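Enquirer: Sequence:
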Amino acid sequence: MSLSNQTLQMTKRSISVFIFSIFIPTILFAQEDLLVKIPESSNQHLQFLQAHHGIKLRYRTSDFAIIQVPLGSGSIVASQNVLAELPDPQVLDAVTPGFNYYVLWLPSAEERTVIETYGEILHQFGGLSLLKLHVNLESVLLDLPVHHRAKLPANITLPEFQTPSAAPSISASPQQQSLIQGLLNQADGVRWLWQTIALVENEDLQRPGQFFRSRYALRVRDAVQFDDNPKPDHACDNSADYIAQQFRSYGLEVEFDSFDHRRRSALGALVGEYVMRNVVATLPGKGPNKNRIYLMVGHYDSIASKTPGWDGGWRRLAAPGASDNASGIAEMLETARILSQQNFDFTIRFIAFSGEELFLFGSKHYAQLVQERGDDIAGVLNFDLLGHDPDGNLDIHVLGDEQSQWLVNAFGAAAERYRLPIDLRLKNDPSFIFSDHSPFWDIGIPAVMVSEESSLDAPDESTEYIHSQEDDLTKISIPLLGELAIKLAVATLAELARPIVGSGDPLNPDIFWESEGITVSNLVPTKGDEVIITAEVTNAGPVPVENITVQFVVISPDGTSETLPEQSVDLSVNQPQTVSARFTPATWGVFTLRALVNDDTRVFESNFNNNRIETELTVTNPNVTIENIIAYPNPLRLNQPNAALKLTYTLSSDAEVVISIYDTVGEQILESVFLAGGNGGRLGANDAFTWEGRRNFFEFVSPGVYICGITATDADGESRTEGIKIAVIR
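In numbering that gives the first Met the number 0, the protein residues as written are 0 to 729.
Rather than coming from a laboratory, the hints here were simulated on the basis of the structure.
It is possible that some hints are incorrect.
In silico SDA-like links for lysine to any residue, alpha-carbon gap of 20 Å or less [said to hold, decoys possible]: (1) Lys474 with Glu110; (2) Lys426 with Leu127; (3) Lys150 with Ser61; (4) Lys55 with Ser339; (5) Lys645 with Val664; (6) Lys289 with Leu595; (7) Lys526 with Asp653; (8) Lys131 with Pro158; (9) Lys131 with Leu121; (10) Lys426 with Gly126; (11) Lys230 with Asp142; (12) Lys724 with Asp653; (13) Lys55 with Ile37; (14) Lys645 with Phe699; (15) Lys289 with Lys526; (16) Lys150 with Leu595; (17) Lys526 with Asp569; (18) Lys150 with Asp259; (19) Lys724 with Glu666; (20) Lys150 with Asp32; (21) Lys426 with Glu415; (22) Lys55 with Lys526; (23) Lys289 with Asp226; (24) Lys724 with Asn695; (25) Lys645 with Ile612; (26) Lys526 with Tyr661.
Here the structure is a predicted model, which is why all the values come from computation and not from measurement.
Using the sequences and the hints, build the whole thing.
Expert: The structure is reproduced here in structure tokens:
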């Protein structure tokens with residue numbers, strides 16, 4: 000699919016003569032590092048150049064590498080000395096401050112002509128083009144109908160040479176194989192299809208029956224617009240919440256990993272700030288390798304940049320992203336559902352990334368987090384584009400770089416061992432940096448991408464509909480493809496993470512919570528009351544254990560958690576021991592109380608599935624109160640497009656709520672009623688009321704100070720009223 004003449008005209012209008020006048024020339028001959036292409040080099044040779052000459056590795060293919068050669072002490076002679084040691088170097092550019100480099104799939108001359116309106120194409124190879132582009136134009140590039148596009152990393156870290164013996168074992172014992180086969184029998188293509196449908200439709204969790212049909216990464220709750228455009232809705236966040244719900248239903252530990260993204264105009268002005276979220280679910284390892292982690296990842300965001308008017312209409316236009324990548328997230332959810340039933344030696348994290356369609360922002364952020372925390376990542380399995388197979392041949396590609404070939408081979412071994420009827424295409428291709436495996440390559444972590452055929456061998460098949468509104472449910476192939484991909488994921492990941500299999504009578508202790516569960520000293524506490532949490536823990540034997548860690552975790556209504564002081568207990572065989580902790584709720588709402596024993600798995604058990612219990616505790620007040628009242632924005636500016644004031648508050652119990660707006664002479668100009676139990680009248684936080692500055696929803700009010708009254712009436716007819724002042728300006 001080529002770029003249209005309309006797009007070309009839009010491009011010419013978007014970039015003013017002023018922008019071009021401030022761009023400095025591409026090649027400077029005095030102070031810049033050099034971007035150089037060299038013939039195929041091994042990891043060892045590139046590591047030598049990095050260590051001894053300070054070069055940066057920017058891009059790799061099977062045929063060549065692109066490196067950045069430093070000027071060195073301000074002397075261009077130093078760069079020339081490095082070039083003299085390189086085999087057949089080809090200088091592509093001088094690295095200029097304020098510019099980035101990108102690789103784009105541009106098979107047609109027309110597409111390249113449009114792109115050259117933005118920047119300079121430095122090199123072409125195999126349908127791909129290396130583009131130099133000013134940083135201010137990056138967001139414009141995102142809205143172009145280009146399928147494969149990626150920003151070159153600042154430097155790719157190459158791992159130490161890994162001998163075959165250093166690669167993790169991917170064998171499985173007969174008992175483990177039997178267990179894994181049982182897991183494979185649970186793969187269900189229909190469940191995969193329904194998960195794909197749910198992700199494509201993206202039903203509003205707060206308004207059942209309303210559908211977003213988009214997961215575009217900028218459509219988030221926490222967003223600020225600095226231009227004249229309205230704040231986006233929460234379509235992408237809604238999808239993240241749904242994915243988190245699914246993970247939690249499998250008993251996994253779930254958290255959101257948030258990160259900021261800024262967009263600028265072609266002139267450099269800040270257009271918007273957006274907080275995106277990765278969804279991270281953890282299945283803790285229970286063996287000696289519990290601190291080593293396998294990641295199964297995929298992106299849940301979608302884009303439809305090929306849709307006419309997308310640049311200005313993404314807030315309302317559909318971006319179904321069925322194959323790209325609802326299908327991959329559905330694979331992940333089903334794999335997590337199946338694997339969560341089993342204990343593994345290694346820890347497994349399932350991560351749904353946002354921002355993939357915007358140059359891999361979510362996975363780049365998470366890779367940086369991995370480095371900062373020092374996480375021991377054994378390998379990364381990225382699932383992207385697994386729903387469409389037009390030729391009916393059930394073939395799947397597994398692609399890795401040089402350091403990841405043992406991981407690629409793990410898929411082949413698992414498919415063969417469990418006789419999966421899939422035509423697997425195993426590849427070594429470090430040039431394919433267009434998905435969420437790539438940031439892990441950049442920091443030296445083995446990673447593979449698992450994808451359907453049409454996205455690699457025949458990209459024209461997928462570019463006809465990918466990144467458009469045509470990537471809908473009609474592009475999803477028969478459920479058999481999804482089911483086989485699930486089996487491939489389950490078999491490979493299970494073998495890598497090593498299921499823990501018991502044999503005969505347990506030789507290790509089994510520590511568990513008694514069936515009474517968690518009890519509390521006060522079943523109906525109010526805010527500020529001390530609550531004592533109690534539970535009984537038992538060791539079923541056959542041997543006593545010492546210094547077992549016990550923890551209580553309190554999860555507040557807003558999702559934040561507090562871990563109470565850790566305790567240590569000694570447990571004889573079959574002698575229950577009572578443990579307790581104290582906490583004081585600081586807000587109204589429903590709290591989750593969780594008890595954990597041996598969560599650090601310091602003691603190896605025959606069964607780790609009974610080490611956690613939880614219950615809910617409602618913190619309320621028989622006499623309703625209204626607290627934490629916030630109106631924003633305040634003042635309300637009526638001259639801004641789609642201006643609206645949002646009112647939030649906290650109730651100490653369910654209550655009917657009446658919200659009234661009064662003008663300066665005390666006349667009521669608006670009234671809204673919210674029923675008890677729903678948003679606006681429920682225990683805890685409420686945010687259902689918005690006001691556009693209109694009198695009874697009709698004409699706009701005059702500038703001035705208005706009073707907002709909130710009256711809450713509980714089930715006993717008792718009422719409480721609070722108020723807040725609102726300023727209205729133009």
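Enquirer: Looking back at the hints listed earlier, which ones does the structure fail to meet?
Expert: When the structure is compared with the hints, numbers 1, 4, 5, 8, 12, 15, 16, 17, 22, 23, 25, 26 turn out to be violated.
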